[in-house]
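Chains A and B are the protein sequences, given in the same order. According to full-length UniProt numbering, the first sequence is numbered sequentially starting from 1. According to full-length UniProt numbering, the second sequence is numbered sequentially starting from 1.
Calculated directly from the structure, the hints in this document are not laboratory data. Glycine included, C-beta positions come from ideal geometry on N, C-alpha and C. Incorrect hints may appear among the rest.
To be verified - What follows is a list of derived Cβ distance ranges for each label pair:
hint: 1; chain 1: B; residue 1: Gly-4; chain 2: A; residue 2: Pro-133; range: 34 to 40 Å
hint: 2; chain 1: A; residue 1: Ala-206; chain 2: B; residue 2: Asp-104; range: 35 to 41 Å
hint: 3; chain 1: A; residue 1: Arg-127; chain 2: B; residue 2: Asn-178; range: 54 to 60 Å
hint: 4; chain 1: B; residue 1: Asp-167; chain 2: A; residue 2: Ala-152; range: 50 to 56 Å
hint: 5; chain 1: B; residue 1: Glu-86; chain 2: A; residue 2: Ala-153; range: 37 to 43 Å
hint: 6; chain 1: A; residue 1: Pro-133; chain 2: B; residue 2: Ala-152; range: 54 to 60 Å
hint: 7; chain 1: B; residue 1: Asp-196; chain 2: A; residue 2: Ile-238; range: 51 to 57 Å
hint: 8; chain 1: A; residue 1: Glu-209; chain 2: B; residue 2: Asp-131; range: 28 to 34 Å
There are 2 protein chains.
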Amino acid sequence: MSAGRANFEKRLRQIGAERYHDKHPFHQLLHSGGCTPDQVRAWVINRFYYQARIPMKDAAFMSRVDDPALRRAWRSRIEDHDGTDEDEGGIARWLRLADAVGLDRQYVASARGVLPATRFAVDAYVRFVRDEPLLEAVAASLTELFAPRIHAARIEGLLAHYDFADDSSLSYFRNRLNEAPKDVAFGLSWVLDRADTDEKQDAAAAALEFKTDVLWAQLDALHGAYVVPARIPPGAWIPGTHLVSGTA
Amino acid sequence: MSAGRANFEKRLRQIGAERYHDKHPFHQLLHSGGCTPDQVRAWVINRFYYQARIPMKDAAFMSRVDDPALRRAWRSRIEDHDGTDEDEGGIARWLRLADAVGLDRQYVASARGVLPATRFAVDAYVRFVRDEPLLEAVAASLTELFAPRIHAARIEGLLAHYDFADDSSLSYFRNRLNEAPKDVAFGLSWVLDRADTDEKQDAAAAALEFKTDVLWAQLDALHGAYVVPARIPPGAWIPGTHLVSGTA
């Protein structure tokens, strides 16, 4: 017994409409051109940690899947981020963004300056996918349903407002416009097929809400640390540091 | 402080010389043509469980690796087993062996008839790779150092002694002859580079011994269950069952 498939999809989409991080003030600030160069850099440093952990999350998922066909369908997510012989991959593309905003890419890649709250949120997501039922692990990935909207807005907003923004520095987002819809179409239909009781639908919806929390918490952490009045925690990146020479 | 690199490699190879499962009586029986058709089938059913878990083990490893380059180097192991658009993969090749020995491939793929001791050993390996330090996880994979020898002997022995053996049914082993050396060259040099203290060398050697135990325990379980006097545990495959029609 469960609400129909169409109603359940509507319920999932409603979670995005209410809780996705495109509603966060930091997102608005970034896309409207209101961020200082250092605030953009803080975002690049912290969001890198999320990007870099995504293939580990996907591998954790695959380590629990005993169906070779499902593993094969999932594998391209890791390739999208880590790259292949033909494609540098999303992590390398993100580091091009780091270059473009004048950050030392080694520092960004080291993840040393990441805010503790970012780490906690991202690590909670990796653990969730490693430990919770597969249905909930896949449901948590469905924030990708809402991602193309934010990536398109991001490209437009960044291009309009920031000098560093060009085809190369924003290539991560352009690529995700192609990759995410393929992934999410698979994930959505997998979840809709399997959440065939009210209990499973509730669990899948809760997993998607959890994931919106993971994303929201990252922007909250950035806002608290780097938007006036800024409260930068010990060990986190200090504006103006770890820049490549010649960067203002 | 540590014994030199060459000495350490020698120590690892010595573990194979003493403990690899090519010394197990069941291996001798199988390769010399001494197995009954049902004993070969029992081996196919149980060894399938190991094959099928290997990509999950490799994904568990990747889920703990924060270096994209290492993840990329490791990824081909999963592709080798799960397949790609161009290659059916090792698991599908193993199921061709199941067909060739007259077993219902759905039954084999379901893993329902696997011996509990096989499950325990294989699951212990997956858990080891998920939980132990990366050095030990990679060291455990180094039984591949000894695998080409056993695969070559297996092809020769099976071809000489069993009607089911042909290029198609043995394609799994032929492919491993190409795949395993590439993997093990990478893994061996990774371990030799990193085991730079006596303590780490001891840990890596212990991990490789553990893995030889995992393999040995699987043949022990087969021998106890299916070689006279046979003691088949409850729930495990019963000889003569789950055959495709027309199989003697």
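Checklist entry - For the pair Asp-167 of chain B and Ala-152 of chain A, does the Cβ-Cβ distance stay inside 50 to 56 Å? => result 52 Å, holds
Practice task
Could you check the hint for me, namely that Glu-86 of chain B and Ala-153 of chain A are 37 to 43 Å apart, CB to CB?
Solution key: 38 Å, holds
Check your understanding: Should the hint that Pro-133 of chain A and Ala-152 of chain B are 54 to 60 Å apart at their CB atoms be regarded as holding?
Key -> Once the Cβ atoms are compared, 43 Å apart, the range 54 to 60 Å for Ala-152 of chain B and Pro-133 of chain A is violated.
query: Is it true that the C-beta distance of Arg-127 of chain A to Asn-178 of chain B lies inside 54 to 60 Å, as the hint says?
result: The hint (54 to 60 Å, Cβ to Cβ) is violated, given that Arg-127 of chain A and Asn-178 of chain B are roughly 37 Å apart.
Margin query: Assuming the hint says 34 to 40 Å, is it satisfied by the Cβ distance from Gly-4 of chain B to Pro-133 of chain A or not?
Written below: Violated - the Cβ-Cβ distance for Gly-4 of chain B and Pro-133 of chain A, about 49 Å, lies outside 34 to 40 Å.
*Please test the hint of 51 to 57 Å on the beta carbon pair from Asp-196 of chain B and Ile-238 of chain A.*
34 Å Cβ-Cβ, so the 51 to 57 Å window is violated.
inquiry  = Taking the Cβ atom of Glu-209 of chain A and the Cβ atom of Asp-131 of chain B, is their distance within the range 28 to 34 Å?
reply    = For Glu-209 of chain A and Asp-131 of chain B the Cβ distance comes to about 30 Å; the hint holds.
In this structure, is the beta-carbon distance linking Ala-206 of chain A and Asp-104 of chain B contained in 35 to 41 Å?
40 Å, holds
Comparing the model with each numbered hint stated earlier shows that hints 1, 3, 6 and 7 do not hold.
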